[in-house]
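Quick note, the sequences are listed as chains A and B, same order. Sequential numbering from 31 applies to the first sequence in my numbering. Sequential numbering from 9 applies to the second sequence in my numbering.
No wet-lab data here; the hints were simulated from the structure. Yeah, the Cβ is synthetic: ideal placement off N, Cα and C, and Gly gets one too. Hints are not guaranteed to be accurate.
Now the stretches of chain A that chain B is said to cover, found in silico as 3 or more residues with beta-carbon under 8 Å [what the hints assert, rightly or not]:
#1 33-39
#2 84-94
Not everything, but these chain A residues come out facing chain B in the computed CB check (under 7 Å) [said to hold, decoys possible]:
#3 42
#4 43
#5 46
#6 47
#7 48
#8 51
#9 121
#10 124
#11 128
#12 190
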Amino acid sequence: MAELRGGGIGVDLPVGWEGEIFDRTPTIAGRSLGGPVGDTEVARNVVHLANFALPGERGDFGSGAVELMNSGAVMVILFEHGPESVDTPLFAREGIPVLTADEFHPQQMQRTLQGQSGRQIFFRHLGRAFCLYVVLGSHRQRQALVPVVNDVLGRLSIEPA
Amino acid sequence: MTAIVILLAVVVGILTVLVAGLLRSHAEMLRAFNELGVTFGHDGADTTSATLPDPVRRDVPHASDRVHESTGDGSVHEIVGMSPTGSAIAIGFAGRSERTLIAFLTSGCATCKGFWDAFRADAPLPRTVDRLVIVTRSADEESPAALTNLAPARHRVVMSSDAWNDYGVPVSPYFVLVDPNIGSIVGEGAASTWSQVGSLLGRADADAEFENERRIDADLRAAGLEPDDPTLYPTDSDGARP
């Protein structure tokens, strides 16, 4: 089991999973440290977790990777927003979410891909604001795949702000 | 005249000693390379100055067939480390279908430079490889700044000295081919050019296929059947094989 830690976020990955935590906490000089391609807004940290081989080039919300997903594949993305977002209504939901299969829909994908479905939830946890974006390789297999997602979400630990 | 002859004799003597010293030094270097699993020759198609040994194809039931200097235990290990830009990275293999080629490189070795250049130029992967992961030593033994300039965008680069230890990497550049389908390393070894890696992997795959056929034939003979036994090949009502 691989343990992944960075940016005050940790996860004990299930066997065979892989991931990356882009620690982009702003430095003193205000320069961010690395990150996926295709950044469209300044995020503090981005977490990519997947049960398939993640390519080197990926967008914040998984572009470049989700196109490679087969029917059993799952990708979990945690996108951190700045502290100014924590008390906004968008992030009113408290705690790391637990998902149900009914919540997933092909139209919730950032970009619709044949057969896949997604779920996007905004939440806050210990004074930090996040967007959770989950992609399932097969909408038809969501009943089987969502427990896999919840297992990984249960392995997440987030340090207080 | 006598003085010139003596002088020439002395010069020849000195040159003889120098040449002997050079030959001895050369022999010692060859011995040192040989201990690292590198041998020199001039028969490789892709070879310019050195021919490195074939990656050792290891059939799963015969994992002790290794003849290189790797000190790994032959099993597949997850790779956990950091990217040159400071991201935490974990690469998993279990339960997957992708064949992954792990390239162990350094930012400093001259031979590695050719591989970095090839990877940045998007050199195509060998036919039997689904993805490439580049692994360097950790930040306390490597230069993240140098790696940031060398790292290709398309492939993942992980800084992990633990991975070097887990796979018993004896020399760089060094390549390990992981096949999660059989949960094992299917080939590993050193190479001097990217095209050489491709040809060696192709040869290792052909060897694996040949061994597989031999094993199947042996199993059939143990069951009292020859490989061309007609009962193995169903025919339709006209006696033709479908």
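Going by Cβ atoms only, is residue 124 of chain A closer than 7 Å to chain B? violated, 26 Å
Minimum beta-carbon distance criterion (7 Å), residue 47 of chain A to chain B: OK, holds: residue 47 of chain A within 7 Å of chain B, min 5 Å.
Closer than 7 Å between Cβ atoms is the bar; does residue 190 of chain A clear it against chain B? Give me holds or violated. violated, 19 Å
Answer holds if the nearest beta-carbon of chain B is closer than 7 Å to that of residue 51 of chain A; otherwise answer violated. Holds - the Cβ of residue 51 of chain A comes within 7 Å of chain B, reaching about 4 Å at its closest.
Given a cut of 7 Å on the nearest C-beta pair, is the interface hint for residue 42 of chain A held or broken against chain B? Where the cut-off is 7 Å and the nearest Cβ of chain B is about 10 Å from residue 42 of chain A, the hint is violated.
Verify the interface restraint on residue 121 of chain A: the C-beta must sit less than 7 Å from at least one C-beta of chain B. violated, 24 Å
How about residue 128 of chain A: closest beta carbon in chain B under 7 Å, or not? Nearest chain B Cβ about 23 Å off; hint violated.
The region 84-94 of chain A covered by chain B? Criterion: 3 or more residues, Cβ-Cβ distance below 8 Å. holds (count 4)
Does residue 48 of chain A meet its interface restraint, that is, does its C-beta lie within less than 7 Å of any C-beta in chain B? Result: holds, 4 Å to nearest chain B Cβ.
Can we keep the residue 43 of chain A interface hint, with Cβ of chain B closer than 7 Å? Holds, because the Cβ-Cβ distance from residue 43 of chain A to chain B comes to roughly 6 Å (cut-off 7 Å).
Against chain B, run the beta carbon of residue 46 of chain A and see if the smallest gap drops under 7 Å. holds, 4 Å
Apply the coverage criterion to the region 33-39 of chain A and chain B: a residue qualifies when its Cβ sits closer than 8 Å to a Cβ of the chain, and three qualifying residues are needed. It holds: at least three residues are needed, and the region 33-39 of chain A offers 4 whose Cβ sits within less than 8 Å of chain B.
In this structure, the earlier hints numbered 3, 9, 10, 11 and 12 are contradicted, and the remaining ones agree with it.
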